[in-house]
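Peer 1: Read off the chains here:
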Amino acid sequence: MTTETITLESTRFGTLEIPYEAVVEFPNGLIGLGGRRYALLARSEDATFVWLHSLEDPDLALPLTNPWRFFTTYEVELADDEAERIGVDDSDDTAVYVTVRAGEVLEDFSANLRAPILIAQGAGHQVINQAPDAPVRAPLFAENAPEVAA
Amino acid sequence: MLIITRRPGEKVMLGDDIVIEVIEVSGSSVRIGIAAPRSIPVYREELWRAVKDENEAAAKAKADLPQDLPVKN
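For the protein sequence lines, the chains are A and B, in the order given. Just so we're aligned: the first sequence equals residues 1 to 150 in my numbering. Just so we're aligned: the second sequence equals residues 151 to 223 in my numbering.
Keep in mind that the hints are not guaranteed to be accurate.
What the hints assert, rightly or not - Pair ranges (Cβ atoms, derived):
hint : chain 1 : residue 1 : chain 2 : residue 2 : range
1    : B       : Ile168    : A       : Ser44     : 38 to 46 Å
2    : B       : Lys161    : A       : Glu17     : 45 to 53 Å
3    : A       : Gln130    : B       : Ser176    : 23 to 31 Å
4    : A       : Thr5      : B       : Ile168    : 38 to 46 Å
5    : A       : Glu77     : B       : Lys161    : 24 to 32 Å
6    : B       : Ser176    : A       : Glu77     : 22 to 30 Å
7    : A       : Phe13     : B       : Ile154    : 44 to 52 Å
Treat the hints as calculated values from the structure; they're not laboratory data. It should be emphasised that the depicted structure is a prediction, and the values quoted were computed from it without experimental measurement. A virtual CB, placed ideally from N, CA and C, is assigned to each residue, including glycine.
My request is simple: use the sequences and hints to build the entire structure.
Peer 2: Structure (structure tokens):
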């Protein structure tokens with residue numbers, strides 16, 4: 001065995017052995033949801049949606065996506081005190097995700113551009129984006145998007 | 151809920167590290183100052199609630215999300 005793994009219990013995905021590198025510690029939890037230890041799960045490197053899955057609660061998992069996949073001009077601006085709090089400068093090794101609200105049909109899918117999740121060096125923070133035009137419920141797909149295949 | 155009357159310039163301590171100060175009262179608005187350790191995030195309640203609602207809605211997603219999706223222009 002070369003990689004250290006950790007067991008993740010999931011009501012959605014069953015019991016998974018995941019590499020320790022997938023673990024993300026959230027010192028302040030997610031806003032209003034709490035939780036301190038999560039793991040990032042992806043079906044493939046190119047997956048549209050990845051899951052931020054709690055390591056403490058088998059039922060708690062949120063789909064995330066890379067915001068630039070859908071919103072090419074998206075920007076994240078942090079207040080100075082928030083940037084200081086999380087200790088992130090605008091370095092390239094910070095991954096940015098947004099939470100996804102899933103719907104029955106693609107037109108109902110939206111992303112929260114106001115409160116992105118920043119992950120760097122195994123630590124995650126959900127922050128308030130100060131940039132204008134960052135709604136909490138931005139539709140992911142155009143009006144005429146095809147329906148979700150069953 | 152604890153309710154305390156304070157005048158501008160007066161403060162309230164939450165524990166030893168968090169200070170809430172009434173800065174100014176003007177009509178129906180109150181300006182308050184908050185000094186808290188850097189590790190404690192401070193939010194306006196309505197924004198905190200909006201984000202909490204989105205997080206809770208996101209957490210209701212089922213395991214079978216669609217893959218290979220069209221991307222919005």
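Peer 1: Against each hint, give a clear statement of whether it holds in the structure.
Peer 2: Evaluation of the provided hints:
Our hint of 38 to 46 Å for B/Ile168 and A/Ser44 holds, since their Cβ atoms are close to 45 Å apart. The supplied range of 45 to 53 Å is met by B/Lys161 and A/Glu17, whose beta-carbon atoms lie about 52 Å from each other. At about 25 Å, the CB distance of A/Gln130 to B/Ser176 agrees with the hint of 23 to 31 Å. With their beta carbons about 40 Å apart, A/Thr5 and B/Ile168 fall inside the hinted range of 38 to 46 Å.
The beta-carbon spacing between A/Glu77 and B/Lys161, approximately 31 Å, falls within the hinted interval of 24 to 32 Å. At roughly 29 Å, the beta-carbon separation of B/Ser176 and A/Glu77 lies within the given 22 to 30 Å, and the hint holds. Taking 44 to 52 Å as the suggested C-beta distance range, the pair A/Phe13 and B/Ile154 conforms, at roughly 49 Å.
In summary, this structure violates none of the numbered hints.
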